[in-house]
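Asker: Residue-level listing of the chains:
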Amino acid sequence: MKRIRWLLPALYILFVLLPIYWLLNMSFKTTNEILGSFTLWPDQFTLENYRTILTDPTWYTGYLNTLAYVLMNTLISVTLALPAAYAFSRYRFMGDKHLFFWLLSNRMAPPAVFALPFFQLYSAIGLFDTHVAVALAHCLFNIPLAVWILEGFMSGVPKELDETAFVDGYPFWRFFIRIFIPTIAAGIGVAAFFCFMFSWVELLLAKTLTAVVAKPIAAVMTRTASTSGYELGLLAAAGALTIVPGAFVIYFVRNYIAKGFALGRV
Amino acid sequence: MSGRTPNQKAWWLVLPVVVLVAFNAVIPLMTVVNYSVQETFGDNQFFFEGVTWFEQILHSTRFHEALQRQLLFTAIILAIEIPLGVAIALAMPRKGAWASVCLVLMAMPLLIPWNVVGAMWNIFALPDIGLLGHSLNALGFDYNFTRQPLSAWATLIAMDVWHWTSLVILLAYAGLSAIPDAFYEAAKIDGASPWAVFRYIQLPKMKRVLMIAVLLRFMDSFMIYTEAIVLTGGGPGNSTSLLSIDLVKIALGQFDLGPAAAMSLIYFLIILLLSWVFYAVMTRDEAQ
Chain A
0 MKRIRWLLPA LYILFVLLPI YWLLNMSFKT TNEILGSFTL WPDQFTLENY
50 RTILTDPTWY TGYLNTLAYV LMNTLISVTL ALPAAYAFSR YRFMGDKHLF
100 FWLLSNRMAP PAVFALPFFQ LYSAIGLFDT HVAVALAHCL FNIPLAVWIL
150 EGFMSGVPKE LDETAFVDGY PFWRFFIRIF IPTIAAGIGV AAFFCFMFSW
200 VELLLAKTLT AVVAKPIAAV MTRTASTSGY ELGLLAAAGA LTIVPGAFVI
250 YFVRNYIAKG FALGRV
Chain B
0 MSGRTPNQKA WWLVLPVVVL VAFNAVIPLM TVVNYSVQET FGDNQFFFEG
50 VTWFEQILHS TRFHEALQRQ LLFTAIILAI EIPLGVAIAL AMPRKGAWAS
100 VCLVLMAMPL LIPWNVVGAM WNIFALPDIG LLGHSLNALG FDYNFTRQPL
150 SAWATLIAMD VWHWTSLVIL LAYAGLSAIP DAFYEAAKID GASPWAVFRY
200 IQLPKMKRVL MIAVLLRFMD SFMIYTEAIV LTGGGPGNST SLLSIDLVKI
250 ALGQFDLGPA AAMSLIYFLI ILLLSWVFYA VMTRDEAQ
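Chains as they are written, first to last, in numbering that gives the first Met the number 0: chain A, 0 to 265; chain B, 0 to 287.
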């Protein structure tokens, strides 16, 4: 029993890696080879697909646009969620429970429902096709998530820390920034990870709110798929490159991911 | 949330969040409500229709079919992903380098943009050039997800299991890591069976994170759109037209804003209601 325990995770990881392997395999092939023959390994190994993406501005600006709004969103979500999470974890105030549930209920709003009204709203305030628009729109589901995660981490910090600091005469904001934030650094890392993740993978709202200037990589991919025929090799390479930033982020927070939701509460 | 001091000034701390989320949530929601009770023939002319659209949607077979498909899909997803995720988390190494390697590899699908997930599974499952489709056909299975509803469903479910089981694993693993070693030692001294350890130590300790996992998987599988539209486009026919796919078809394909808005609201309310039921059922024991 003990000896075959590793089998299940190992098989699952194999299952996780298979489609990724296939994507990478295709990204190193020419489109002709992909359509012409079935090979487990590229016959004519080529980096041409990657070269096209990294030198053609219509492609690489897609990545830059996506990174821009994802980072902006992560920054806004975590910064605003910090004081709010502190309030939920430390104070009782009128309507606090309802407010918390209302915040979480926004995590349940299907983006498909909001796509059209979002387009109208952000056009009306003149932010259509800007990075800020997408960053703000993604706050709809990322702020509730960040508040939820941070509140869990903060409730794990004993209240005596705050009380001692206030007795010592620390003003609130100095205590919050100098003492409290460093104490929950791990929680901030986890919250940032989840914000990054959900903003990076979301496409429907990002695509609805952009046209040319702030077009995300995902939209570039779908448009290429429909206009320039079926350039599978190129699409596979573009897809493979979207995995890179995520892989970096995971690597940095690998020791904290597991903690993230363990402390979070409903 | 116990032991908190009453302080009405705390509202100032939550105000920025409330303003921003309200801006994103309330205005679009009111727009949807507005559309849902009106009829438009273009030219920005609107006519009040009352609850006509709601009645129409609630009585339409198309909506009923989409809702049934959605419920079936979500039920299958939860039935597979939750037990599988818990089983894998239990079998994973508790600490050390291998635990990190497992976590990093397993978290990969979570960070791939959803349209790429769909595109990836598309080229993975295509019967002629995909590894999965080609292999299945070589083994003698008649598999073609662009033509057969059953294959399309199987592929869609396999994709979602691939995409999201990792989240359940991460959560369950987090719950397990929080159990002190002393618990296991005590169980060993008592001569508890592995099943008893699972039933009386691990499962109760994982309860909260499992609740989060079930809620998140329920909500997200109910909202699935991008991956499914890229993989199957709702086809073949309407066989994989889940709720959000059907909704976007009505709203943007046919530009029937009124019915689409009414359907959006019904859809949102179903998610809220079911989430609340899940939440209430799962926290019932704690309240007693």
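Keep in mind that the hints were calculated from the coordinates and are not lab data. Just so we're clear, the structure is a prediction, and the values are computed from it rather than from any experiment. Any given hint could turn out to be false.
Said to hold, decoys possible - DSS-like mimics (lysine-lysine), calculated; alpha carbons at most 27 Å apart, straight line: (1) K158/A - K248/B; (2) K206/B - K187/B; (3) K96/A - K8/B; (4) K187/B - K204/B; (5) K214/A - K248/B; (6) K96/A - K187/B.
What the hints assert, rightly or not - If you want a taste of the chain B side facing chain A, the calculated C-beta under 10 Å gives, among others: (7) F22; (8) L83; (9) V103; (10) L138; (11) F140; (12) Y142; (13) T145; (14) L149; (15) L215.
Said to hold, decoys possible - Derived coverage of chain A by chain B (criterion: at least 3 residues anywhere in the stretch with Cβ under 8 Å from a Cβ of chain B; other residues may be distant): (16) 3-16; (17) 109-115; (18) 134-142; (19) 201-215.
Even glycine gets a Cβ: it sits at the ideal position worked out from N, Cα and C.
Asker: Quick one, is the F140/B hint okay against chain A at 10 Å, beta carbons?
Answerer: violated, 16 Å
Asker: A closest beta-carbon separation below 10 Å is what the hint needs, so does Y142/B meet it against chain A?
Answerer: For Y142/B, the interface hint is violated, since the closest Cβ of chain A sits about 15 Å away, which is over 10 Å.
Asker: Taking beta carbons only, do three or more residues of the stretch 201-215 of chain A come closer than 8 Å to chain B?
Answerer: holds (count 3)
Asker: With a cut-off of 10 Å on the beta carbons, see whether L149/B makes it to chain A.
Answerer: Violated - the Cβ of L149/B stays beyond 10 Å from chain A, reaching only about 20 Å at its closest.
Asker: Taking 27 Å as the top limit, are the C-alpha atoms of K158/A and K248/B close enough?
Answerer: Since the Cα atoms of K158/A and K248/B sit roughly 52 Å apart, the hinted pair is violated (cutoff 27 Å).
Asker: Between K187/B and K204/B, is the straight-line Cα distance small enough, at 27 Å or below?
Answerer: Cα-Cα ~17 Å, so holds.
Asker: For the stretch 3-16 of chain A, does the count of residues with a C-beta closer than 8 Å to a C-beta of chain B reach 3?
Answerer: holds (count 10)
Asker: Would you settle whether the hint for F22/B is holds or violated, based on the nearest Cβ-Cβ distance to chain A being less than 10 Å?
Answerer: Since the shortest Cβ distance to chain A is 8 Å, the answer is holds.
Asker: Quick check on L215/B please, does its C-beta sit within 10 Å of some C-beta on chain A?
Answerer: Since the shortest Cβ distance to chain A is 8 Å, the answer is holds.
Asker: Using Cβ atoms only, decide whether L138/B comes closer than 10 Å to chain A, and label the hint accordingly.
Answerer: violated, 14 Å
Asker: Going by Cβ atoms only, is L83/B closer than 10 Å to chain A?
Answerer: Status holds, d = 8 Å.
Asker: Verify the proposed pairing of K96/A with K187/B, using a straight-line Cα cut of 27 Å.
Answerer: violated, 42 Å
When each numbered hint is compared with the structure, violations occur for hints 1, 6, 10, 11, 12, 13, 14.
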